[in-house]
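The opening residue of the sequence shown carries number 216 in the numbering used here; numbering runs sequentially from there.
None of these hints come from the bench; they were simulated from the model. Since this is a predicted model, take the numbers as computed values, not measurements. Beta carbons are placed, not taken as given, at the ideal position from N, Cα and C, and that holds for glycine. Watch out, some of these pointers could steer you wrong.
Unchecked claim - Pairs of lysine to aspartate or glutamate residues, derived as DMTMM-like cross-links and limited to a Cα-Cα distance of at most 25 Å, are as follows:
id, residue 1, residue 2
1, 353, 429
2, 341, 252
3, 310, 477
4, 341, 475
5, 310, 474
6, 385, 252
7, 440, 429
8, 440, 426
9, 353, 426
10, 433, 446
11, 440, 252
12, 310, 300
Said to hold, decoys possible - Estimated spans, in silico, between C-beta atoms of each pair:
id, residue 1, residue 2, range
13, 429, 253, 33 to 39 Å
14, 263, 297, 44 to 50 Å
15, 352, 434, 18 to 24 Å
16, 379, 227, 36 to 42 Å
17, 480, 297, 16 to 22 Å
18, 426, 396, 42 to 48 Å
19, 340, 474, 46 to 52 Å
20, 234, 347, 42 to 48 Å
21, 259, 342, 33 to 39 Å
22, 308, 347, 37 to 43 Å
23, 257, 430, 32 to 38 Å
24, 256, 448, 21 to 27 Å
25, 257, 474, 36 to 42 Å
26, 474, 431, 40 to 46 Å
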Amino acid sequence: MNGASEFAISASAAALAHVLHHPLYTLKSQMMFYGPEFRFKAFVYSAWKQPAGFLYRGLVSRTLGIMPEKAFKMQGWIIVGRYMEKHFESPTLSKWLVAGAAAGAATTLIGCPSERAMVLAQIQNKRFFAVMRQEGLKGLYAGWRCTLYRDISFNSAFFASRELFVLLWKRQVGLDPGAHWRVALGIPAGCLASVIACPFDVVKTRVQGRELKEMTHKSCYSIMKEIVKREGVRYLFKGLLPRLIAVPSMMSVFYVINEELERLVLLHAS
216 MNGASEFAIS
226 ASAAALAHVL
236 HHPLYTLKSQ
246 MMFYGPEFRF
256 KAFVYSAWKQ
266 PAGFLYRGLV
276 SRTLGIMPEK
286 AFKMQGWIIV
296 GRYMEKHFES
306 PTLSKWLVAG
316 AAAGAATTLI
326 GCPSERAMVL
336 AQIQNKRFFA
346 VMRQEGLKGL
356 YAGWRCTLYR
366 DISFNSAFFA
376 SRELFVLLWK
386 RQVGLDPGAH
396 WRVALGIPAG
406 CLASVIACPF
416 DVVKTRVQGR
426 ELKEMTHKSC
436 YSIMKEIVKR
446 EGVRYLFKGL
456 LPRLIAVPSM
466 MSVFYVINEE
476 LERLVLLHAS
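Sequences are here, hints too, so could you generate the full structure?
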């Protein structure tokens, strides 16, 4: 299969997976941004009054952005993974971690603008073109360092642990896991990765939910220290529950849809 086909397959899988999970991302962004000021009753009331308008804010820009983002993520994983397989003997955790980190870096490079637009829409109800007009490209990449830390930590943990779980399954059962088992094996991998990356996600959301003129030029770690000092350590994990529901299932579903579409394309080509 050529690179263009792999890219198109990953983009299609990403769009479908995200549309299904977007309301949970809205809840996650609200919880992470407002921290101790977040009120679940107010969130439910807003969702009840405007179910589509509130829960699906930023859907179009994020869906359009997540298609190339996830495609580049998979290309980063595939290319680096193939390179390491070619130059090293057997699959190891360190190789999967490195390939996952490459996938994370590719995710930030391509996905940061659409995620920034999504968070601003979810928090301040600002449209993508309004952000572009007022802040330009610089505004779309606001918070990129925090996004990079989150994406590298998440993808390293997710891809490495999922590959490890699949390898252990094969050794125990003696067969490749089917699609439903691959979804199941991806969920604990996604949960582990979500917990590891959550503090960076909280800081990223706090940064990206503000307008550019309101941002302070502080490092990701200094903002993290401020949250711990003013609100407590637990608020670095605010929004973890919807993240644990949305991110693992979305990544697992995306990964399996991607694999199944590749299988169908190869089957049709043969």
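Evaluation of the provided hints:
no.: 1; hint: 353 / 429; result: holds (14 Å)
no.: 2; hint: 341 / 252; result: holds (21 Å)
no.: 3; hint: 310 / 477; result: holds (23 Å)
no.: 4; hint: 341 / 475; result: violated (36 Å)
no.: 5; hint: 310 / 474; result: holds (20 Å)
no.: 6; hint: 385 / 252; result: violated (47 Å)
no.: 7; hint: 440 / 429; result: holds (19 Å)
no.: 8; hint: 440 / 426; result: holds (22 Å)
no.: 9; hint: 353 / 426; result: holds (11 Å)
no.: 10; hint: 433 / 446; result: holds (18 Å)
no.: 11; hint: 440 / 252; result: holds (19 Å)
no.: 12; hint: 310 / 300; result: holds (8 Å)
no.: 13; hint: 429 / 253: 33 to 39 Å; result: violated (19 Å)
no.: 14; hint: 263 / 297: 44 to 50 Å; result: holds (49 Å)
no.: 15; hint: 352 / 434: 18 to 24 Å; result: holds (22 Å)
no.: 16; hint: 379 / 227: 36 to 42 Å; result: violated (27 Å)
no.: 17; hint: 480 / 297: 16 to 22 Å; result: holds (18 Å)
no.: 18; hint: 426 / 396: 42 to 48 Å; result: holds (45 Å)
no.: 19; hint: 340 / 474: 46 to 52 Å; result: violated (37 Å)
no.: 20; hint: 234 / 347: 42 to 48 Å; result: violated (23 Å)
no.: 21; hint: 259 / 342: 33 to 39 Å; result: violated (24 Å)
no.: 22; hint: 308 / 347: 37 to 43 Å; result: holds (41 Å)
no.: 23; hint: 257 / 430: 32 to 38 Å; result: violated (25 Å)
no.: 24; hint: 256 / 448: 21 to 27 Å; result: holds (25 Å)
no.: 25; hint: 257 / 474: 36 to 42 Å; result: holds (40 Å)
no.: 26; hint: 474 / 431: 40 to 46 Å; result: holds (43 Å)
In the structure shown, a violation is registered for the earlier hints numbered 4, 6, 13, 16, 19, 20, 21, 23, in ascending order.
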